[in-house]
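Peer 1: For reference, the chains in residue letters:
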Amino acid sequence: MVSLAEDVAIVAFEQTPSHAHFNDSEPAMIMPCVNSVIEQVGMDRHDIDFTIAGSCDYLSGMPFAFVMNIDAVGAWPPVYESHVEMDGAWALFEGFVRLQSGDIDTVLVSGSGKCSPGSYREGFSLQTDPYVHAPIGLDPRTQAGFQAQALIAAGKATERDFAEVVARSHANAKDNPYAQLSGDLSVDELLAEPYLQQPLRRLDCPPTSDGAAAMVIARADKARELCDNPVWIRAIDHRIDSHHPTLRDLTDSPSARIAADRVGLHDGPVDIAELTVTYSPEEIILRDALGLNGETSVNPSGGPLTGSPFMAVGLTRVIELARAIRNGDGGRGVAHASSGPALQQNLLCVLEGDG
Amino acid sequence: MSADPSIPPAALSGEVSLPEKLADVEPVRSVRTPIRLEYDFIPGSASSGYLNAFADRKILGQQSPVDGAVFVPPRGVDPRHGAATPEYVELPDTGHVGGFCVTRLPIPGRDDLEIPYVSAWIHLDGADIGFLGLVAGIDTSEVRMGMRVRAVWKPDDELGRTAENILYWEPTGEPDIPVTAAGTNAWHAKQAAAGEQG
Chain A
1 MVSLAEDVAI VAFEQTPSHA HFNDSEPAMI MPCVNSVIEQ VGMDRHDIDF TIAGSCDYLS
61 GMPFAFVMNI DAVGAWPPVY ESHVEMDGAW ALFEGFVRLQ SGDIDTVLVS GSGKCSPGSY
121 REGFSLQTDP YVHAPIGLDP RTQAGFQAQA LIAAGKATER DFAEVVARSH ANAKDNPYAQ
181 LSGDLSVDEL LAEPYLQQPL RRLDCPPTSD GAAAMVIARA DKARELCDNP VWIRAIDHRI
241 DSHHPTLRDL TDSPSARIAA DRVGLHDGPV DIAELTVTYS PEEIILRDAL GLNGETSVNP
301 SGGPLTGSPF MAVGLTRVIE LARAIRNGDG GRGVAHASSG PALQQNLLCV LEGDG
Chain B
1 MSADPSIPPA ALSGEVSLPE KLADVEPVRS VRTPIRLEYD FIPGSASSGY LNAFADRKIL
61 GQQSPVDGAV FVPPRGVDPR HGAATPEYVE LPDTGHVGGF CVTRLPIPGR DDLEIPYVSA
121 WIHLDGADIG FLGLVAGIDT SEVRMGMRVR AVWKPDDELG RTAENILYWE PTGEPDIPVT
181 AAGTNAWHAK QAAAGEQG
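So the protein lines, in turn, are chains A and B. When we follow the working numbering, the leftmost residue of the first sequence carries the number 1, and every step to the right adds one. When we follow the working numbering, the leftmost residue of the second sequence carries the number 1, and every step to the right adds one.
Simulated from the structure, these hints should not be mistaken for lab results. Worth double-checking, as some hints may not be accurate.
[Said to hold, decoys possible] Label-pair distances were calculated between CB atoms; the ranges are:
{"id": "1", "chain 1": "A", "residue 1": "F146", "chain 2": "B", "residue 2": "L159", "range": "49 to 55 Å"}
{"id": "2", "chain 1": "A", "residue 1": "G291", "chain 2": "B", "residue 2": "P27", "range": "44 to 50 Å"}
{"id": "3", "chain 1": "A", "residue 1": "P78", "chain 2": "B", "residue 2": "Y39", "range": "26 to 32 Å"}
{"id": "4", "chain 1": "B", "residue 1": "E26", "chain 2": "A", "residue 2": "Y195", "range": "37 to 43 Å"}
{"id": "5", "chain 1": "B", "residue 1": "E170", "chain 2": "A", "residue 2": "A20", "range": "56 to 62 Å"}
{"id": "6", "chain 1": "B", "residue 1": "E26", "chain 2": "A", "residue 2": "S101", "range": "32 to 38 Å"}
{"id": "7", "chain 1": "B", "residue 1": "S17", "chain 2": "A", "residue 2": "P135", "range": "24 to 30 Å"}
{"id": "8", "chain 1": "A", "residue 1": "S186", "chain 2": "B", "residue 2": "V25", "range": "50 to 56 Å"}
{"id": "9", "chain 1": "A", "residue 1": "F64", "chain 2": "B", "residue 2": "A163", "range": "55 to 61 Å"}
{"id": "10", "chain 1": "A", "residue 1": "G155", "chain 2": "B", "residue 2": "Y39", "range": "38 to 44 Å"}
For each residue, glycine too, the CB sits at the ideal point set by N, CA and C.
Kindly generate the complete structure, drawing on both the sequences and the hints.
Peer 2: Printed below as a string of structure tokens:
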């Protein structure tokens, strides 16, 4: 078991639907999420001890765009606040670590991103490696294509396996009101589609999405005071591989494997796994790296293939898992977030119900 | 033990040696990387309302539903409370200088600006925060906090959906607002008064 200085629970969460195009500002998108979680816990917003957000200025195309987002939090009088240029799942990580100090009780975590205004494929190659990769146009989808090709070449997966991931994700999303895409698709139909970037087809890749997510986490005593059904964060860890695709085996994810070990993933049952499968081949790699078998329900929400608001999508995995546990769909599970191209960096968060 | 910062790392101080096959290759000393990205910018409903109104020579603010404070430019939210501010308020094009700065360096791309120029926080009559503008029509040495100003607009046939419709702010000649009640001082005084009442 992972030993923690302080037990921490999720006490409130909210997400926007995954929008193809949200026709207002990013603060306008975040604000209802933030206000909802504050209302759920019944606190005055100025009594929240620490506030942290995850977003990416390249998505909105404005320097210091993340500062504008603070409008949505309500930061006057000034609040104790931080920001990560990462998915909101890493904001959750910082909030969780902050609570381990034991001197504060509550953290407001948010993540947001609007992919629709610009070209996130170009933006991300500039953000992650402007010197070597950006000039040759090595964007995340191209790297996902390398990864898919490597899986096929190694005999670890086929295009049919990718299509099966897509079909199951879209079918699962039919019950998810926040999903952008959903429906019944046959594997044969999917395989008849033209390539977008061989061996990837359009639905092997995520839709362009805008969205936001927020949650409140709290130390144990405060968590029980704030809600009847806290969802406990039993462990959280993130690890990173080399950013250069030729310096690692693209068919494996050593960083996810190490993170799984560090969070004690298999110290208990893994009923549900909400994985940031941004491109369908990633699910095959993650299932293997995390040692998931048929007993785990993978992406019952549909996952990022059915709605992928970058910078909120990882935090949304944690929310989808927390909601499933609250609904009694499982007692224990893992949420996964990734950052960088081709699953370069991986975060795992083990949640457990209050039972 | 910390490294002595005056000693450069070995990689920088030592001789650079290359494998034989790279001996005649020209070393890379710099790269050019594309940094142009295009966006379909969405100003959002609050900024859209603000910019559209400029075409009719109007300056719009938004009012806090919590205590009626007026913000300009409007951002759709009262940042103190995280409350949506759907109510627009039309503001006059008169106010005072809440604070200012005399700049003696040119701005790239603004050859039209005469040096020195004055940028100032303009506090419109009826607004609770200031917004940025240029002050002209007066010697820079005479600009002062609390000085009353009005907008000088572009001719009607040049108006667009932009804050650039206001060329600059010029003195009205009215008596100054006392410094203790000018700019953010007015805001703080109002807050203190509200606190005493509460």
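Peer 1: If any of the earlier hints don't hold here, list their numbers in rising order.
Peer 2: 5, 6 and 9
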